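Protein sequence lines, in the order shown, are assigned to chains A and B.
One rule links them: number in the working numbering = place in the first sequence (from 1) + 42.
One rule links them: number in the working numbering = place in the second sequence (from 1) + 1.
Some hints could be false.
[As the list claims (entries may be wrong)] Cut-off 25 Å, straight-line C-alpha distance, at most; resulting in silico cross-link-like pairs (SDA-like, lysine to any residue):
no., chain 1, residue 1, chain 2, residue 2
1, A, Lys266, B, Met197
2, A, Lys556, B, Thr142
3, B, Lys138, B, His155
4, B, Lys196, A, Ser271
5, B, Lys63, A, Asp616
6, B, Lys63, A, Leu606
7, A, Lys49, A, Thr172
8, A, Lys495, B, Arg12
9, B, Lys63, A, Val632
10, A, Lys495, B, Arg50
11, B, Lys138, A, Glu630
12, B, Lys196, A, Arg265
13, A, Lys607, B, Ile61
14, B, Lys121, A, Leu267
15, B, Lys63, A, Gln618
16, B, Lys196, A, Leu267
17, A, Lys625, B, Ile61
18, A, Lys258, B, Ser146
[What the hints assert, rightly or not] Chain A is faced by these chain B residues, among others (derived, beta-carbon under 10 Å):
no., residue
19, Met2
20, Ile7
21, Ile33
22, Arg34
Calculated directly from the structure, the hints in this document are not laboratory data.
None of the values given here were measured: they were computed from a predicted structure.
All C-beta atoms, glycine included, are put in the ideal place defined by N, C-alpha and C.
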Amino acid sequence: MDGWAGKILDIDLSSGSVKTYPLDEKVARLFVGGRGLGARMLWDEVGPEVEPLSPDNVLIFTTGPLTATGYQTSNRFSVTTKSPLTGTVLDANSGGFWGMQFKKTGYDALIVRGRAEKPVYIEIKPTGVTINDAQPLWGKRVREVTQALGQNDHRRNVLCIGPAGENLGRMAAIMNDGQRSLARGGPGAVMGSKNLKAIVVEGKQRPGIDDDERFKFMLYETRKLLRASPLTSQALPEFGTVVMMNIVNNIGALPTRNHQQTQFEGAEAISGETLTEKYLVKNASCWACPIGCTRISKTDKVEAEGPEFETTWAFGAQCGIDDLAAIIEANALCNDFGLDTISVGSTIACAMELVEKGKLDADLHFGRADLLAPTIEAIAYRRELGSDLAEGSLRLATKYGLPELSMSVKGLEMPAYDPRGMQGQGLLYATSNRGACHMRGNMLGLEVLGLPKLIDRFQVQGKSSYVILHQNSSAAIDSLVICKFTNMGVADEYFARTLTAVTGIPYSTGDLIKVGERVWNIERLYNLREGFTRADDTLPPRLLNEPVADGPSKGWVSKLEPMLKEYYRARGWDEQWVPKPKKLAELELVNLMEAAR
Amino acid sequence: MIDERIYEQFREIGRDLYVGDLISSHGGNISIRVGDHVIIKRRGAQLGRLKMHDLIETQIDKNDSGVALASTELLVHRKIYQMTPALAVVHCHPRTAIAFSLSRDEIVPIDNEASYLLKKVPVIWEEFASGTPEMAKNLATMLQSYKIVMLRGHGSFAIGQTIDEAFHWSSTLEESCQIALAAKVINEPFMEYRKMSEAYNKW
Chain A
43 MDGWAGKILD IDLSSGSVKT YPLDEKVARL FVGGRGLGAR MLWDEVGPEV
93 EPLSPDNVLI FTTGPLTATG YQTSNRFSVT TKSPLTGTVL DANSGGFWGM
143 QFKKTGYDAL IVRGRAEKPV YIEIKPTGVT INDAQPLWGK RVREVTQALG
193 QNDHRRNVLC IGPAGENLGR MAAIMNDGQR SLARGGPGAV MGSKNLKAIV
243 VEGKQRPGID DDERFKFMLY ETRKLLRASP LTSQALPEFG TVVMMNIVNN
293 IGALPTRNHQ QTQFEGAEAI SGETLTEKYL VKNASCWACP IGCTRISKTD
343 KVEAEGPEFE TTWAFGAQCG IDDLAAIIEA NALCNDFGLD TISVGSTIAC
393 AMELVEKGKL DADLHFGRAD LLAPTIEAIA YRRELGSDLA EGSLRLATKY
443 GLPELSMSVK GLEMPAYDPR GMQGQGLLYA TSNRGACHMR GNMLGLEVLG
493 LPKLIDRFQV QGKSSYVILH QNSSAAIDSL VICKFTNMGV ADEYFARTLT
543 AVTGIPYSTG DLIKVGERVW NIERLYNLRE GFTRADDTLP PRLLNEPVAD
593 GPSKGWVSKL EPMLKEYYRA RGWDEQWVPK PKKLAELELV NLMEAAR
Chain B
2 MIDERIYEQF REIGRDLYVG DLISSHGGNI SIRVGDHVII KRRGAQLGRL
52 KMHDLIETQI DKNDSGVALA STELLVHRKI YQMTPALAVV HCHPRTAIAF
102 SLSRDEIVPI DNEASYLLKK VPVIWEEFAS GTPEMAKNLA TMLQSYKIVM
152 LRGHGSFAIG QTIDEAFHWS STLEESCQIA LAAKVINEPF MEYRKMSEAY
202 NKW
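I would like the entire structure built from these sequences, with the hints used as guidance.
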C-alpha cells in the first residue's frame, strides 16, 4: 500500500507494553487516515462506560496517506479521543512538523492507553520506542519542555502538554513544535490524566508514491492554483488569518461581548492590517506549505507565534477588548500553558457577562485587557475562580445559575462567526459532532468570501445541502490529513486525484466526499452510543430568540429549526437523527448500527 | 414554497444561458439540490423567461406530483444528485462544443482559462441521447470525476455547488471550443505555452 506506512503503534502506559500491528487495508480504504481512521479506532476502543479522564480512555494520533509526501500542507496530523469537555467524539488536528516526522517513523497511527504511575514521555526513533522518566519536566511550560527535549524542526519534533493539561483543565490543549496546538475539546487533559508529558519523534522513512509522474503534476497544478488565488497567495501570507476580522465585522457577524452584539467598535484596532503594521516580525510556514499564514508577532513583553483570527476574536471582540498587544500576550500565554484560546477567551467572556448580570462576584469586566493574563494563569493552575473557569463556559455558567450564557454547542465554545448573520454557520455549529466548530465545514467560503461562488447568507431554504457537502468535504480533508486553507484555492477534485496518484487506489471526487460522509456518520453513531440526542443539536437561546439590534444583520435570529429538518432528511437520518439502515449500508457502516442503538 | 432568493438565481442564470447563445428558446434546464429535494425548471418553460411558477420542487429519490410538471431531463438530474456531491446542475447546448463532440471522445482545451479550470472534458454517447436510465447512470458516473461532461451531439451537463458555478464551467467550455475552432481556422502550428500540458490528456 503506497501512501500509508501500514503499521499502528500501540503503547500501554499502565503495563509499559509496546506493540505493533498492521493497518487493516479495508479500514484504510474506507476511512483513509487522520480523523477518519481515528474515529473508526475510537469506536472499537472507547465505549460509553469510559470516563474521558480515566485510564480506559485512549489518545489516538493519526496521519494520512498524503502525510510527509511533500504534497502542499501534508504536514498535519490528528488526535482522537473522548472529549473531557463535551463527552463527544473528539478529533483535533494540527500543523507544523510533528505530523510529518511521526509518519516518517514508519507508523500511520499511535494509540496510547492506560496511565503511567509517574510522569513519563515517549520517544519514537529509528532505533526503537522507549518510555522515559519525565518527572523533571512535570510542571514545566510548553516552550521549556520543547527545548529541553531537543526540538529540531526537520529532524526531531516534540509534542507535549503544559500545566493546564497536568491540572486536568477541560480546555487543555496538546502542543506540538512549541506553539502549534491540538486545541479543542480538552485533549491535553486526557494526556495529563495518563501522566504523559510528551511524545518525541525522529523518523527516516518516506512514504511510497504509486504514480510519481502524476503526483508531480498534481504538485505543479496545486502550486499554480494556490499562487493564483489572492486569498492563499496574498491575504493569508500578508495578514494571516486575522485578515477575516474586518470582513466578518463589516457584515455584522462578529460576536461581541459574549454574543450580545454582532459588530465590535474596536475591530480595526485588532485587525490583520493592524497586526501586520504594528506587531508582525515575520511570516512562518508549516512543513511543505507555500501559503505561510503563520505570524511571528512581538510586543514589549513577548515574541511568539500567532495570534490567529479566532484567538484575536476570542480575547478581543468577545471580551470587548481592543488592545492587540494584550491579545498577543494572552495568546502566547495560552500556548505556553497549553490551552485552547477559543474556549478560554469565550469562557472569560461568559464570566464577564455573569459578573455583569450580578451572578458572579469577581473582578472580570468587558474591555479590561489587564485582566487577561492573570485570568489565563489562574485557569492553567486552577487557582481560585480559575478552577471554575477551567471547566469551560457551560459548567461555569451552569454553576452560577445562567447556563444560557454559555455560547457553546454540546459544551464546546463557538468560534468567531455569529449564526444570526450567517444562517448556514448556525446549522453547521448545531450539527457538528464535536460541538460548535468552524473547522467542520466552514460556511465562511460560501456565505462571505464567495468560494467557490457567493450564496445569500440569510437564505434558509437549501442551506442544509451546502452545510452537508462542506461537512463531508472537511471530514475528508481531515482524513487525508491536509490544511483546509488549501481548499481556498484548490477544489476537492485535486485532492481526490492526488490521493489516487499516491495510493494507486482510484478515488473519484465523489468517492472522496463519500469518505467524508462515512466519517461524519460514524462520529454521529459514536455520539448516539454515548447518549446524545436530537436535543443536543441546537444553539444557545440568545441566538435563536434575540434579534440582532443593529448593523447589517439587524433583526435576524438563527432560523435553525427549518434548516435542521431539511438537514436530517438530506443526511438520510430519521427524526431522532439516527442514520437509516439504507444510509448505513451505502456507507458500509451497517454492522455498527446495533451497538449505537 | 420556494424562497425568492432561489428563484432569483434561476431567473438570472436562465436568462444568461439564453442571451449567451448556450441554449435555444426552449432548450436546456437547470436544477439545484435542496436537502433531499430537487428544484428544477418546469417542462416546456423558457429558461430565458422564467417565472416563479416555472420552478418545480420534487424529491430526489421518490416520485410525487411534482414529476408531472418537471423537465423531461429530471431523471438525469436526479441520478446526478444520487451519485455525485453536486448541489446544482446546468444542462445546455453549447454549439461549438457540440460540434467538437461529434468527432472526439474528449475535449482537451488549448486555451489558458479552460486548461486551468477544466483540464479535460469527456464526451459520452448513448443511442438515445437523453432521458434513459443507462445514459443517466453513465453521465453521473463520469460526473463523479469531472465537473462537466459532453453528451455527443446533444449538449453539456455541468455540476457545481451553485448554479452560478455550473454555469461557469458551461460557458468556459463553449468559449474554449470557440477558441479552438478559431485556431483551426487560422491553421498555423501550435506553440505550446503550458508546462506539463501532456498531463491534461490523462486528467
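Evaluation of the provided hints:
1. The straight-line distance between the Cα atoms of A/Lys266 and B/Met197 is roughly 12 Å, inside the 25 Å bound, and the hint therefore holds.
2. Taken as a hint, the A/Lys556 and B/Thr142 pair is honoured in the structure, with Cα atoms around 14 Å apart against an allowance of 25 Å.
3. At roughly 16 Å between alpha-carbon atoms, B/Lys138 and B/His155 fall within 25 Å of each other, so this suggested pair holds.
4. A hinted pair counts as satisfied when its Cα atoms are at most 25 Å apart, and B/Lys196 with A/Ser271 qualifies at roughly 19 Å.
5. For the proposed pair B/Lys63 and A/Asp616, the alpha carbon gap of about 16 Å is at most 25 Å, so the pair holds.
6. With a C-alpha separation of about 21 Å, the suggested pair B/Lys63 and A/Leu606 falls inside the 25 Å cut-off, and the hint holds.
7. Of the pairs offered as hints, the one joining A/Lys49 and A/Thr172 holds, with about 17 Å between alpha carbons and a cut-off of 25 Å not exceeded.
8. In summary, the hint linking A/Lys495 to B/Arg12 is supported, as the alpha carbons are separated by about 17 Å, within the 25 Å threshold.
9. The straight-line distance between the Cα atoms of B/Lys63 and A/Val632 is roughly 23 Å, inside the 25 Å bound, and the hint therefore holds.
10. Under the criterion of a C-alpha separation no larger than 25 Å, the hint pairing A/Lys495 with B/Arg50 is consistent with the structure, at around 23 Å.
11. This hinted pair checks out: B/Lys138 and A/Glu630 have alpha carbons roughly 21 Å apart, not beyond 25 Å.
12. A distance of roughly 13 Å separates the Cα atoms of B/Lys196 and A/Arg265; the hinted pair therefore holds under the 25 Å criterion.
13. A threshold of 25 Å between alpha carbons decides the hint, and for A/Lys607 with B/Ile61 the separation of about 16 Å falls inside it, so the pair holds.
14. Note on B/Lys121 and A/Leu267: the hinted pairing holds, with a Cα-Cα distance of about 17 Å set against a maximum of 25 Å.
15. Simply put, B/Lys63 and A/Gln618 have alpha-carbon atoms about 22 Å apart, close enough for the 25 Å limit, and the pair holds.
16. Pair hint B/Lys196 plus A/Leu267 holds up; C-alpha atoms about 14 Å apart against a cutoff of 25 Å.
17. The straight-line distance between the Cα atoms of A/Lys625 and B/Ile61 is roughly 15 Å, inside the 25 Å bound, and the hint therefore holds.
18. A C-alpha spacing of about 19 Å is found between A/Lys258 and B/Ser146, which places the hinted pair at or below 25 Å, so the restraint holds.
19. A cut of 10 Å between beta carbons decides the hint on B/Met2: the least distance to chain A is about 8 Å, and the hint holds.
20. Interface restraint check: B/Ile7 against chain A, minimum CB-CB distance 6 Å, threshold 10 Å, status holds.
21. At a threshold of 10 Å, the smallest CB-CB gap from B/Ile33 to chain A is about 7 Å, leaving the interface hint in force.
22. Hint on B/Arg34 holds. Least Cβ distance to chain A is approximately 5 Å, under the 10 Å limit.
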